[in-house]
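Engineer: For chain F, the structure is supplied; the task is to place chain S on it using the hints.
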Amino acid sequence: MRPPRHPPFLLMLTTASSLEATPSETAGLGLSTGVRGLALLGGAAVVVLILIAVKGYQPAAQATANGLVAGTYFALGAVGLALVFGVLRLVNFAHGDFLTFGAYAALLANAFFRLPIIVATAIAIAATALLGTILELAIWRPMRARRAGGLQLLLIAIGLAYVIRNGIQIAAGTEPRSLQVDVTSAVSFMGGIRLGTTELTVVLVGLVVLVLVAIMLSVSRLGKEMRALADNVGLAEVAGVDTGRVIIATWLVAGGLAGLAGVLVAAAVGVLTPQFGFQLLLSLFAATILGGIGNAYGALAGGLLLGLTQEWSTLFIDPRWKLAVGFAILILTLLIRPNGLLGRPALK
Amino acid sequence: MFGSRLNGFKALAAAMLPAAMLVAACGGGTPSSGGSLNFTMTIGDVEPFTGDLGALGTPADKAVTLAVDQLNKASKAAGLSVTFKLVSADTQTDPQAALSAARKVIDEGATCLTGPATTPESLAILNGVTKARKITMLPSATAAKLRLTDDGGTIFRTAPPDNLQALALVTAVQAQLGSAQDKTVSIGYQNSPYGEGLANTFKDAWTKLGGKIQGPVGYDPTQPSYNSEAAKILANNPDAYVFADFPDTFGKVAAALLRTGNFDPTKLFVSDALAVSPIPSAIPAAALNGAHATNAGSPLGTPQAADFDKLYTSAPGPGRFALDANNFDSGILCGLAAIAAGSNDPAAINAQIRKISGPTGQAFTYTKLGDAMKALRAGTQIHYMGVSGAIDFDAKGDTSTGTFDLSTWKSGQLVLDRKIDTKP
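Just so you know, the sequences run in chain order F and S. Using the working numbering, the first residue of the first sequence is number 2, and each one after it goes up by one. Using the working numbering, the first residue of the second sequence is number 750, and each one after it goes up by one.
Quick caveat, the hints were computed from the structure, so don't treat them as lab data. It is possible that some hints are incorrect.
Some chain S residues close to chain F (C-beta under 10 Å, calculated; not the full set) [unchecked claim]: (1) Phe798; (2) Gly806; (3) Asn940; (4) Ala954; (5) Asn976; (6) Phe999; (7) Lys1001; (8) Gly1010.
Calculated cross-link-like contacts (lysine-lysine; reagent style BS3-like; alpha-carbon spacing at most 30 Å) [unchecked claim]: (9) F:Lys56 <-> S:Lys894; (10) S:Lys1159 <-> S:Lys932; (11) S:Lys1168 <-> F:Lys56; (12) S:Lys1145 <-> S:Lys894; (13) S:Lys1123 <-> S:Lys822; (14) S:Lys1168 <-> S:Lys961; (15) S:Lys1168 <-> S:Lys932; (16) S:Lys952 <-> S:Lys1159; (17) S:Lys822 <-> F:Lys56.
Covered stretches of chain F, going by a simulated chain S footprint (3 or more residues, C-beta under 8 Å) [unchecked claim]: (18) 59–72; (19) 181–192; (20) 268–276; (21) 320–326.
Glycine is no exception: its CB is placed at the ideal position from the N, C-alpha and C atoms.
This is chain F alone, in the form it adopts within the complex (with noise of 0.2 Å):
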């Protein structure tokens, strides 16, 4: 049984209260989220100083233009995942695939219906949002009715990803397949730095995504509603929110999110696999739990540490070895901040 609808002003109360009470603890821009994002951005800075001093401009420049590239892939994938895990609990292991489903319903539609690529990316948002949506009525609400424990949601998460990953490879087949988008144009800018035009325009774009999604959930009704869930699912109840919906738009936004990182990251990559999602799966969780479990922001500054560090141990190691530095600077950083750059002390 769902409460009654509250008036409005008991909501905001409740979601205002809380935000006052605790800033630190709210999943929105508080005050010291906002002091501690300026803080790892100057530590990035001084970073970038010393390999300049120590490999040169243009190696040192190119190496953070690379590292900012493929921090943005991650943080575009992870931002998804973050949001599903901050208002439902729920570790999604076929986020993922959430991506390559995306990927190649604009594959379909841009290389099969011969689609301009922006329309492609419009169809990929809308089909991977109706995933979501889909799984969600199907699965999940009946799941949580049932109140089935976490481990029983990870399974069917884990399983989920197998089913979509197999249900890509039997209608699409295993063929590597590409995006009708030009990946190998590229363009020099800043003294030397070259990146390719589709890598800029992902940038470009995830960034100004990553930075709306940000704006929605601190501005939006809809963003203090998913907050207030995060924070409480019942007292959000009891204030008058409306979980089912908001549990659907959070699905909503999470697959169109899933979907959009797929179609630009698959775009400027170049390269379209079934195992596409699943392999990026990894730095995905990475760049969620480095920034802040549940955490959107902590989502875009994990993303973008993870890349970053890998493309710059590039200056001094061998490359084949990024993976396993990207992965010590994560548990070395939960070593001395166990919720994540920007997350939230554990609740009392």
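Structural biologist: This is chain S only, laid out in the frame that chain F set:
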């Protein structure tokens, strides 16, 4: 009550089973020259339909399927009552899953295996099931390391091992640069046993000739971004670059190479796993047009290779892919060995594989498979001339044709330049 009756049935069945097996063994185990044969042979195809080499599984399975079709047609043409059946399973590019896949096809009656595609998977299958049961396996794994394990004579490879491939690449690069002395070759490779093995063998052979090596730069095949790797490989403008990689990873790397603006495809040499014609859509064509590839055997330029190309491309399913001809030959060898043995017994088939692979005996290509089967039944020794080359298994069971094609991509197609013989 019902249970005890069922147990009675089981006991009866258990008692009859050895007798039935004895009858079967007597019927099928006698290799008879001439006369008609009557049995069904099952070939098990274990390929990576998923996992890192997921792109290779479907084309490989298509090649073996075509081989089984050819065997069935030939058996009919030769007037034999032998039917060939194919069962396939997914190895997931994972040793554990590969062993399960092999067990599955063997349970379904497979007496000769084609695939898997990597050395770790081959070793898992060898140690888990095929060595003990004397079942022949013809993997398309090419790491030289595979031969460090005693296989009891059960592993045969139609693709030459990577140490020969590296020598072919050295010869090709040396010819283009005039000499190896003080010339720098930059190596990029996928961080896998295939890539690392090939990269290291090339490095040793090139430095022995007085050449210099930049890198080798290894990269993880699962990454979304390879810009830093590309910059490292192309740094200081090397005289040539050598890549040991598979198409799905190389597509990503090639785009990054082109974006640096310093990439010259005419300096690029790649190994057989990338020697695909026409250039697959996932690899930017600008990265390969003008580049050179060495490819095992003689897949280009022989009549059977041209026939196979027509056969493969006119059939439904995926386009040409690395090692498809080798997988086709593996399937044919399984079937011919069963005809030569006159039986579907794994050990009897195993004993025939080397005998039909040359170098002596009357030569037949797959287009004359019916005649080859007739000759076998008449007691004639045959030499199956493969689509991928003359095969000629050496003492270890690897193809001893050290011949490689050196080809160059022109307008998206590989064009044969010349053959390189890596055997002294």
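Engineer: Find the hints from earlier in the document that the structure breaks and name them by number, from lowest to highest.
Structural biologist: 4, 9, 11, 17
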